[in-house]
Structures are given as C-alpha cells and as structure tokens.
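Student: Make the full structure from the sequences, and use the hints.
Just so you know, the protein sequences line up as chains Z and F, in that order.
Position 13, counted from 1, in the first sequence is what our numbering calls 133; the numbers after and before it change by one each time, with no gaps.
Position 252, counted from 1, in the second sequence is what our numbering calls 253; the numbers after and before it change by one each time, with no gaps.
Hint data in this document are derived by calculation from the structure and do not stem from the laboratory.
Each hint should be verified, as a subset may be incorrect.
What the hints assert, rightly or not - For each label pair, taking beta carbons as the anchor points, the in silico distance ranges come out as:
1. F:Ser259 / Z:Asn186: 58 to 64 Å
2. Z:Val257 / F:Asn197: 56 to 62 Å
3. Z:Lys173 / F:Val325: 52 to 58 Å
4. F:Thr18 / Z:Asn186: 51 to 57 Å
5. F:Phe303 / Z:Pro162: 45 to 51 Å
6. Z:Trp262 / F:Asp209: 32 to 38 Å
7. Z:Ala175 / F:Leu11: 54 to 60 Å
8. Z:Val257 / F:Asn410: 24 to 30 Å
We put the CB at the ideal spot given by N, CA and C, even for glycine.
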Amino acid sequence: MGENIIVPTDFTVESLFTVKKFLQQNPDAEVNLLLVHGYRMPLSITELLFFSKAAQLSKLAGKEFNEGLTILRNKYTHQRITINADLFLGYNQAAFQNFIGGYRIAKAVVPKSYRLKSTGDNGFDIMKFIRKSDLKVIEYDWAISAGLPEKNHVSELLFDL
Amino acid sequence: MKIQIKIVVLLLVIFITYTLIFSAFVYFSISQYSFADFYKRLEIRAATTAKVELDFQKNTASIKELKSEYLEKLTNEQDHIFEITSTTSLDKEAANTKVPVSFIKEIIANGTGNYQKGNTFFAGIKYKSGEKEYAVIVSAENYYNTHHIAYLRNVLITLILVSVLFILLASFWVTKKIIKPIQQITNKVKKIGSENLSLRLSLPSQNDEFANLARTFNDMLDRLQTSFETQNNFVSNASHEFNTPLTSIIGQADVTLSKSRSQEEYVESLTIILHEAEKLDKKVQALLFLAQTGFNGKSQKFDKVRIDQLILDVKLTIEKLYPVSKIHIDFSLLPETPEKLKVKGNEQLLHLALTNVVGNACKYSRNQLVTVSLGATADKIIVAVKDNGIGIPENELQYIYDPFFRASNTKQFEGYGIGLPLARNIIKIHSGDINVYSLHSQGTTVEIKLPLGNFSI
Numbered sequence: 121m122g123e124n125i126i127v128p129t130d131f132t133v134e135s136l137f138t139v140k141k142f143l144q145q146n147p148d149a150e151v152n153l154l155l156v157h158g159y160r161m162p163l164s165i166t167e168l169l170f171f172s173k174a175a176q177l178s179k180l181a182g183k184e185f186n187e188g189l190t191i192l193r194n195k196y197t198h199q200r201i202t203i204n205a206d207l208f209l210g211y212n213q214a215a216f217q218n219f220i221g222g223y224r225i226a227k228a229v230v231p232k233s234y235r236l237k238s239t240g241d242n243g244f245d246i247m248k249f250i251r252k253s254d255l256k257v258i259e260y261d262w263a264i265s266a267g268l269p270e271k272n273h274v275s276e277l278l279f280d281l
Numbered sequence: 002m003k004i005q006i007k008i009v010v011l012l013l014v015i016f017i018t019y020t021l022i023f024s025a026f027v028y029f030s031i032s033q034y035s036f037a038d039f040y041k042r043l044e045i046r047a048a049t050t051a052k053v054e055l056d057f058q059k060n061t062a063s064i065k066e067l068k069s070e071y072l073e074k075l076t077n078e079q080d081h082i083f084e085i086t087s088t089t090s091l092d093k094e095a096a097n098t099k100v101p102v103s104f105i106k107e108i109i110a111n112g113t114g115n116y117q118k119g120n121t122f123f124a125g126i127k128y129k130s131g132e133k134e135y136a137v138i139v140s141a142e143n144y145y146n147t148h149h150i151a152y153l154r155n156v157l158i159t160l161i162l163v164s165v166l167f168i169l170l171a172s173f174w175v176t177k178k179i180i181k182p183i184q185q186i187t188n189k190v191k192k193i194g195s196e197n198l199s200l201r202l203s204l205p206s207q208n209d210e211f212a213n214l215a216r217t218f219n220d221m222l223d224r225l226q227t228s229f230e231t232q233n234n235f236v237s238n239a240s241h242e243f244n245t246p247l248t249s250i251i252g253q254a255d256v257t258l259s260k261s262r263s264q265e266e267y268v269e270s271l272t273i274i275l276h277e278a279e280k281l282d283k284k285v286q287a288l289l290f291l292a293q294t295g296f297n298g299k300s301q302k303f304d305k306v307r308i309d310q311l312i313l314d315v316k317l318t319i320e321k322l323y324p325v326s327k328i329h330i331d332f333s334l335l336p337e338t339p340e341k342l343k344v345k346g347n348e349q350l351l352h353l354a355l356t357n358v359v360g361n362a363c364k365y366s367r368n369q370l371v372t373v374s375l376g377a378t379a380d381k382i383i384v385a386v387k388d389n390g391i392g393i394p395e396n397e398l399q400y401i402y403d404p405f406f407r408a409s410n411t412k413q414f415e416g417y418g419i420g421l422p423l424a425r426n427i428i429k430i431h432s433g434d435i436n437v438y439s440l441h442s443q444g445t446t447v448e449i450k451l452p453l454g455n456f457s458i
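Tutor: As structure tokens, then:
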C-alpha cells in the first residue's frame with residue numbers, strides 16, 4: 121500500500137504534466153495517484169437516477185487523455201505506482217474533507233501556473249478545495265505555451281515543456 | 002435479372018406460399034368445425050323432436066312453444082320420425098326422407114348417423130320411447146356454411162390480393178433502401194480512375210456490412226494508390242534517396258584520391274565508402290520492395306522491429322546525411338516492458354519513413370533542435386517528431402500528402418515533395434496513422450502511431 125496522492129485534472133493532455141513531472145522526480149516512490157475533477161451532480165431526479173460516475177468519467181476523458189494516461193502507466197508499470205481517475209461529486213469543503221478522508225489522502229500534487237479548465241456545464245476545478253484543505257501541496261511548474269502545434273494531442277505529453 | 006427484382010420475386014413467392022397455406026388451413030379447419038357443429042345441433046334437435054313427439058304428446062303445445070322460443074328455426078328444417086320394427090321397410094322410409102338406406106342402417110346400428118346431400122345436412126338418432134324404438138332424422142340447410150364460410154373465403158381471397166400488393170410495394174421499398182448504398186458505392190466507384198486515385202467512398206453512418214464493404218474498398222484503394230504512386234514516383238524517389246549516399250561516396254573517393262594516402266587512411270576511406278554503399282543497397286531493396294507492394298500479390302514479409310532501436314538508427318543516419326543537424330531523443334516516457342516497443346513491420350521501410358520525417362524536421366527548422374519522443378499506449382506506439390521550424394501554412398496542410406506538393410514557404414529549401422507521401426504510404430502499409438500538426442512559422446509536430454506487434458518475451 122503506497123501513499124495516496126490527489127492530482128487535480130481537467131482531462132486535457134496538458135493537465136497530465138503534473139503527473140509526468142511528479143513521476144519523473146519520484147520514479148521509485150510507492151504511490152497511488154488519483155486524478156480528480158470536480159463534478160456537480162445533476163439536479164433533476166431522472167438524471168440523478170441514471171447518473172453513473174463511470175459513464176461520466178468516460179464521457180469527460182477523451183481519447184487523447186486516455187492515451188496519455190496509458191503512456192504514463194506503461195512508463196511506470198511496476199506495481200508500486202498506480203494511476204486512477206475519479207470525480208469529486210461534492211459541493212463544499214466538508215464534502216471534500218470527507219472525500220480525501222475516504223481515500224486517506226495526505227498529499228496533493230498540483231500545477232503551479234497552469235489553470236485547470238472547467239469541463240462542460242457541471243465540471244469545476246477542485247483547486248480551491250485543495251488549497252483550503254490541510255493537504256500537503258507540492259507544486260510543479262512548466263512553461264505554458266498556447267501556440268503548440270500538437271496542443272491537445274497526445275504527443276503534447278511526449279515533449280518536455 | 003436485377004438483384005432488386007430477384008429479391009422482390011423471392012419475397013413474393015415466400016409470402017404467397019405462406020399466405021396460401023395459412024388461409025387454406027384456416028378455411029378448411031373452420032369449415033370442418035362448422036360441419037361438426039351443425040351435426041351436433043341437428044342431433045340435439047332430433048332428440049328434442051323425439052321427446053316432444055313421442056314422450057310428451059300431452060304437453061306438446063307448451064314444449065313446442067318453448068322450442069320455438071329458444072331454438073332458432075333452421076333453414077328448411079324438416080323432421081322425420083318412424084318406428085323401427087322388424088317389418089319396417091327401410092327402402093321406403095329412405096325414399097320418404099330422401100336419404101340413402103345406408104344412412105338409416107347406420108342410425109340403427111350406431112344409434113346416431115350423419116349424412117350430407119348438397120347443402121342439406123341430415124342427422125339421425127335412435128330413440129327409445131316406452132317399449133318402442135324410433136328413428137328420428139332432422140335435416141336442415143347449413144346456413145352458416147353457405148353464407149359465413151363463403152364470406153370467410155371471400156375475405157381471405159381479398160386479403161391475399163391486398164397483401165400481395167402490399168408486399169410488392171413493401172419489398173420494392175425495402176430492396177430500394179437496401180440496394181441504395183450499393184448504388185451509391187457503384188456511382189462513386191465509377192468516378193475513380195487512375196487520375197484521381199485519392200477519391201474515397203464515404204462511409205455510411207451505420208456500422209453495417211455496407212460500411213464494412215466501403216471500408217474494405219477504401220483500404221484496397223489505399224493499397225492501390227500506394228503502389229500506383231510508388232511506381233509513378235519510383236524514379237524521383239530513387240534519385241531523392243540515392244543522392245546523399247552517392248554524394249558521400251563520390252566526395253569520400255574524391256578527397257582520398259586527391260593525394261596519395263597511407264594504408265590506414267585508404268582502409269578508413271574504403272570502410273566509409275562500403276558503409277555508404279551498404280546503405281544505398283538497403284535503400285534500393287526498400288524502394289524495390291515498396292514498388293512491388295500491392296502488385297506482385299506476395300504477402301509482405303514483416304518481422305519484429307524494435308522502435309527505440311529504429312529511432313537510434315534513424316538518428317545516426319540523419320547525422321551522417323546532415324552533419325549539422327541537432328536531434329534530441331527523448332526516451333523519458335519509454336515504456337518499462339520491452340514488448341510495448343515492438344511492432345510487426347519491415348525495418349527498412351520504417352527506417353525510410355522515419356528518416357524522411359526526421360530529415361524533414363531538421364531541414365525545415367534549419368538544423369535547429371529536433372526532438373524525437375516515444376511513448377506506448379495500450380495498443381499503439383507513438384513516435385512524435387517535433388521541430389521549431391517554418392511550419393506549414395494552415396490552408397496548405399490538407400495537401401501535404403500529395404506527391405510533389407511543396408508548401409508555399411519552402412521555396413528556399415531543396416526538396417521534391419516526396420518524403421512525406423512516401424512516409425505516409427509506409428505507415429499505412431503497417432496499419433498505422435500519421436498526423437501532422439503545424440503552426441505557420443512556429444513549428445511542426447509529426448505524430449506516428451503504429452500498432453503494437455503483441456510479441457511476448
């Protein structure tokens with residue numbers, strides 16, 4: 121059982137750089153990385169009834185993001201590092217505390233200057249909850265460039281920024 | 002005969018046969034049932050009549066009243082009663098009731114009997130009143146048979162005719178709908194000729210057999226186009242590819258021959274020449290191989306190729322071709338397991354493709370740093386080549402795979418516009434994908450995805 125670490129994500133290839141940077145600097149760490157994006161539960165009863173976290177995750181995470189994730193997993197195939205994605209479905213700080221309590225997370229790896237985007241109508245960035253929580257926050261920074269030819273394609277992850 | 006007509010006729014035959022069997026079964030079973038039912042009714046009447054006439058002669062009036070009130074009068078209903086004694090003449094009674102003698106004998110023998118003459122039905126019973134035995138025969142016309150069954154027959158015939166019409170229209174509509182994609186494919190295929198081999202069939206939205214057919218056809222066109230273009234451009238490709246090693250060989254020989262050298266220098270020089278000549282030989286083989294693909298019908302010989310090794314080889318080749326080039330190989334995301342690095346392919350062809358791509362990156366970035374990076378997903382190997390060169394204007398990106406096409410900003414660079422189409426052909430032969438992302442004057446990234454060979458260790 122390794123250390124559980126939360127990594128905020130917005131399901132773009134660029135957001136995987138936090139994971140890439142962290143793993144590059146801690147290749148031998150025994151860690152379970154949990155990529156988390158905030159998601160507001162739908163308000164209508166029918167939507168709630170048919171709401172499925174797995175379906176929502178696969179809807180949000182595109183082909184390029186998943187490919188990027190498998191590249192990272194293939195890079196670190198040994199058992200000590202696991203990478204998973206999840207949605208935080210709460211609304212407030214207390215719910216977030218519960219969430220990280222449930223996963224027994226003590227550390228967060230976050231981007232320093234990259235701003236996570238909100239996905240769709242219900243998605244939101246969980247950075248404010250991470251900042252307010254008592255998690256130990258490690259920040260990683262990279263040169264953000266809007267004008268990359270391979271922007272939002274999986275090859276973006278293959279090059280260092 | 003057109004396939005549409007064939008389908009329609011087949012559907013009609015199947016449908017008519019089925020409907021005829023179905024209707025005949027309904028018609029005959031209903032009519033049989035009506036016969037049995039009618040005989041039953043006649044027998045009941047015979048029993049009632051016998052009771053009225055023979056047992057309750059005193060209360061005849063009230064029973065007749067009951068009978069007329071509750072029993073519907075049948076068409077041409079007639080009753081015959083006669084006593085059965087040893088002296089009764091059966092022939093006479095038979096003549097009276099207009100039935101054959103055998104029918105009366107049947108009644109006497111079995112207790113009941115049925116007989117039909119035209120549309121008149123006879124039912125008889127043997128009835129015992131007191132010490133005497135009587136034969137009671139009731140006859141009536143089967144109204145149900147004459148009217149209802151006839152009506153049923155008419156209804157069935159009309160229905161068959163209407164449904165034949167319906168099935169004719171429906172099968173025409175259905176076959177038209179089914180045949181339509183084939184016609185679309187036919188029309189599109191008619192337009193494809195050697196002058197526009199790049200035309201492709203549009204894939205139907207549903208993933209059905211026709212989509213499969215169109216996809217297969219497109220794949221075939223890909224292969225045809227590949228071999229066609231390769232054949233067409235063979236001379237240009239060959240001169241393009243042979244130019245550099247030949248220059249190198251000639252240059253080396255020239256320099257060596259310019260003055261007398263020591264034995265070691267000759268050996269070194271000849272080694273270089275041999276090396277370049279071997280490279281030339283490899284390229285001749287690769288080009289010949291490419292030229293033959295799709296034409297000679299032979300299956301291509303694909304072996305295990307390790308992509309990381311291939312990239313290192315490509316780097317060495319490029320550094321010899323363009324000594325000032327700067328290539329950085331980024332293996333930071335190299336997968337841990339070596340199986341994720343092996344593809345099924347032809348090493349020389351893949352080498353040629355990658356050399357073209359990396360060579361282009363070096364050339365069009367004026368030998369600035371080119372990064373080659375590698376990563377493996379669950380089923381693909383991704384090789385990305387990134388440069389910070391002149392890029393490709395956005396509106397010209399769609400033409401980059403056309404042979405001899407050169408972007409408007411490449412005038413000051415040497416080239417023939419063959420490298421990238423050739424690379425794409427090779428990647429396609431390996432069932433891979435090649436994507437070029439570019440921003441004008443900012444750089445280009447070429448992403449090559451090759452399917453994993455699924456080799457175990």
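Student: So, against the hints stated earlier in the document, which numbers end up violated here?
Tutor: The structure conflicts with hints 6, 7 and 8, although it agrees with all the remaining ones.
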